[in-house]
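K.L.:
Protein chains in written order, with our numbering: chain A, 5 to 347; chain B, 5 to 347; chain C, 5 to 347; chain D, 5 to 347.
It is worth saying that the hints were derived from the structure and are not from the lab. Glycine residues also receive a C-beta, built at the ideal position from the N, C-alpha and C atoms.
Example chain A residues on the side facing chain B (calculated, C-beta under 7 Å, incomplete):
#1 167
#2 193
#3 302
#4 305
#5 306
#6 309
There are 4 protein chains.
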Amino acid sequence: MKAVAKMQKAKGLEMTEAEVPQIGQNDVLVEVKACSLCGTDVHIYNWDHPWPDRIKPPRTLGHEVCGIVVEKGSNVTAAEVGDFISAESHIADNTCYQCRIGNSNICMNMKLLGVDINGSFAEYVSVPQQNIWKNPKSMPYEIATLQESMGNSVYTVEESNVNGKNVVIFGAGPTGLFATGISRVLGASQIMVVVGTEFHARIAKQMGADIIINRHEQDVVKEIKSATDGIGADVVLEMSGAGDAIDQSLKSLRQGGQLTLLGLPLRPISIDWSKDIVLKDINIKGINGRKLWQTWVTTSRLLHSKRIDITPIITHKLPLEKYEEAIAVAAAGQSGKVVMFPK
Amino acid sequence: MKAVAKMQKAKGLEMTEAEVPQIGQNDVLVEVKACSLCGTDVHIYNWDHPWPDRIKPPRTLGHEVCGIVVEKGSNVTAAEVGDFISAESHIADNTCYQCRIGNSNICMNMKLLGVDINGSFAEYVSVPQQNIWKNPKSMPYEIATLQESMGNSVYTVEESNVNGKNVVIFGAGPTGLFATGISRVLGASQIMVVVGTEFHARIAKQMGADIIINRHEQDVVKEIKSATDGIGADVVLEMSGAGDAIDQSLKSLRQGGQLTLLGLPLRPISIDWSKDIVLKDINIKGINGRKLWQTWVTTSRLLHSKRIDITPIITHKLPLEKYEEAIAVAAAGQSGKVVMFPK
Amino acid sequence: MKAVAKMQKAKGLEMTEAEVPQIGQNDVLVEVKACSLCGTDVHIYNWDHPWPDRIKPPRTLGHEVCGIVVEKGSNVTAAEVGDFISAESHIADNTCYQCRIGNSNICMNMKLLGVDINGSFAEYVSVPQQNIWKNPKSMPYEIATLQESMGNSVYTVEESNVNGKNVVIFGAGPTGLFATGISRVLGASQIMVVVGTEFHARIAKQMGADIIINRHEQDVVKEIKSATDGIGADVVLEMSGAGDAIDQSLKSLRQGGQLTLLGLPLRPISIDWSKDIVLKDINIKGINGRKLWQTWVTTSRLLHSKRIDITPIITHKLPLEKYEEAIAVAAAGQSGKVVMFPK
Amino acid sequence: MKAVAKMQKAKGLEMTEAEVPQIGQNDVLVEVKACSLCGTDVHIYNWDHPWPDRIKPPRTLGHEVCGIVVEKGSNVTAAEVGDFISAESHIADNTCYQCRIGNSNICMNMKLLGVDINGSFAEYVSVPQQNIWKNPKSMPYEIATLQESMGNSVYTVEESNVNGKNVVIFGAGPTGLFATGISRVLGASQIMVVVGTEFHARIAKQMGADIIINRHEQDVVKEIKSATDGIGADVVLEMSGAGDAIDQSLKSLRQGGQLTLLGLPLRPISIDWSKDIVLKDINIKGINGRKLWQTWVTTSRLLHSKRIDITPIITHKLPLEKYEEAIAVAAAGQSGKVVMFPK
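Take these sequences, add in the hints, and give me the full structure.
P.N.:
Dropping the structure here:
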């Protein structure tokens, strides 16, 4: 079968001819219908830190996926052959302290699909039954593959109680765009999105932004204060990882507000904790992955009920063979989500 | 000035010519622009239990109102003459145990506008400054007067975490209709409304119901189970007070679900607490009034941002003189909200 | 091996000579060091409804247990031979909707140890690895076996936010006594326990009750009001299942308070829902089982740190052979927990 | 009357002979029985930033106080002459956005007793009735005056859900020592306190610390990891404001843990937000003041019920005349709380 894999301990990926995976007793074999690109895949392509320490080539990449179950292991009860599924990429051990207290998204012995085992940039992928999510038959492939990615944003927004709130979203990459749409669906009464380009501004508006703030052209904090009677935002979702975004997030927030963080700054950041955090009486929540499986329930239902339409975020659809083009457009930052199809 | 008042300890109301209220140091005088009818007003009209024990005629009725401040007491800082305001009708003492722990909606020494002091079915009403809510100038009078009433439903829905949930609403009177629209705005993924008439069904659909269940024609519990893969609803909002609604609510709910109650059954109800509550591992929340003032913030913002359009719920607009007609249509149950205008 | 089993579809249990269980790939074989009696066991002994519909003799009873792992299946990674463990008796399927949203305590396909598979009133018991809880070596057997039972009360108290609160506990059977001690440890500032006998009153005092109310001799609601400045209790934990306890619980509670229910009333109960629940603006939570595994973490830690001493609740220690005596003392209601030892 | 006041825009305080305050309609006059020193008072004494920008001499200092009501304004209903009260020092306006959403501890127009109006380092102090807290007659003066200060720590601990948790407290000044005792009372199963001196270690042990870590002599993070099976603490309360404490707090915390901050670092702090906050999936809460009035309820009840004994934290009792000595011992850091008595 075709598979896009890291074959060398170096930058780049290759289209290879690989064996169809052998499944174990607790696994299903999935015929991949669509797979999508994550920022992590770009970093692995570039062989950026910390991936060289973790990935052992040859390794098929890809962890966002949907497809049809074509074979199942002898212990599998969670799905039948013919089922249309997506997969959660975090394979938890279910026995560590974090799993036992409800945090399997931060399992202490986590394995990742497409990183620690072969992934979904291929015609077939083996998925542990505990990681299966069944989709409604009517869900389009290009939507079904995006649920894991959208789930990060659902977890971010659900932790932030946006109903009736003034919400700011820093960053209009895929996670910020998902968060814009989700905040709208969950009842934020005013949504401000901080963007860097007109390309992203346009999609943010389609997803429900009320106010667009261009970080290159406007005084971000001033605009947010101005739109909130000088009080500051009730909720800030930091989805950009930009160097100054956390400082601006804190300064844009009202006292007693909520800052939720998904973006990953590249460097340490210096903050006046006394003034901007402690005396501000605020809440901060870091987001890693997505709550299993509450986040999938919400994600799937919002999509299936058509409460949210995420098609504006899908900017590129490509055959899997054009994985180099997919990586390139994602790396260039001029894309929403890039979806690929093995056939 | 004109005022609609209970003049006798008996059924009925009268249009009277009253003095414009004298305000105290902490009060404002409001020129009433719109006032709206609540089910309580109908009960007081009918002189139903327990109102004869509480109301001392002569008493001007009315507690849902908006208007313009035309005079203010010497201690008033919360509003200026010319401000467009609505009023919260629960006048809390701010010093009792409930007020001190954040429950001023259930103040132990509560006074009610239009019950314990003269109300808003008049050309002018005196309002304590602590009960003022300032409105945006652009909000229509017929909307601004409905915020207190809508607030009951906002409190109900916000206590129920409807995002991404299967939600059932029993009752499509005004509170049920508000709750339908609010559940939609706050992200419920499937909304089922149990109604009694085609009149109410039509408005429920306009407010965002996905499924209408007619309680006279359908097996309510069976329909709900059927629409939820046999699991039952995640959330039930009981807004009807109907005799069998609580039993049906409990049976429609999935294990671990949320039942939130605003409807007031007239008689004691017999329930199998072991099976339907304890072993079901569910949450139940009674709703009295609305959270001061978090509920007003959400209500005002959802309206001002046009996230919700409540105009389908306003079925009747009448001059204050036609208060008898207003009472009659409300009592007949063939109405949403009835709004009256003194001028 | 010795095993106490239901051998006939009729009242009673028998001491039998059974085969040591064959374990599966995902199971461990446990040499039972202590097992304890639950009210459920008494009901099964008496062949009360609904157990005849569920239990298929021969069936070894018992679901509260601790012991040493003496053999493990080929897939087991959660424990080693020699580990000292307790077992959770609810065997969840981990794939149903309830399991996926964090409610594996109410799994839709639940199996119970000692009910659906052979249990722990025996020298050896087979336990699925997912149901293992590892104990500190220093924990006494008679304590370690009680963690599942105590866990019900930990879940009840943790759902009720007792810190700094006036707490009433209805019932001083084992779950009420555990709840008394746990409420004390978690910071309830005043603990009132409603008891029926002097025997239970004495243990309740040992566990930390500030006020004992004898339901046969005192006006329960009046005493509670009197001890709370007429306001009512902040929190009521209903652990008795007594016929009038829910009505008294509701009447004892202050407006806006919390009622948490573990006791199982035998018959339907008639309540004035309008006055005692809706207008009271209260929260009610039904409790089924215990949160997996957050409850075990808290239970184990409170015991291991000696923050709580539950030895006063252990009123009887018997060899397993004396199971008839164990059943008899539990049925007579003159006991706390009864612990049995196979050797 | 005697009053200790800032008389000049410069370092220092003076004992002056002042007029007994004239009270307004909404105020009570309190005969001060005890007042206590806060770190803020030391900063004002030293005329540290930002106090010169805010305080206008002459100004009587002091905001922790208890005493007897000796006179009341004409509108006062919350207390009677003869009542024994303490006072909350934050005077909220009750009408701003923060007050309306339940955050009167961060009122946007806050006035502070002993800063913006004359305070309690005097024989008499005027207190607005909304800031009165009534004490049980049996509470000792030296305890009653400490409730506002202890309340900061109660708010910190209550926001952190310490029940059954491994809790680390950085800093063993008064707020850290209060937090140690409160964490113990609210059910933390293991309490580690990071101290700088043997003096503070001794009091921390008296307040319930299980493990003392000396930050000068031990590797703080390593000790915490070691005491938590390498996992890290569930909860960290940062009460020191020390320069490296926030970095150590984050590194000591387990993934998914809770960091609550009351200490005020003097300078900006550089943190790796990606690794130590976002990917760690943690919660951070800044603490400003204390929740009005839920915190007072808990504080008063824990003291009145003798669940907690805070007398080890009171290291100095002095007549008000010895205010210079009080400032000196507090500034030297070799004290717990310093309580002063005007008579």
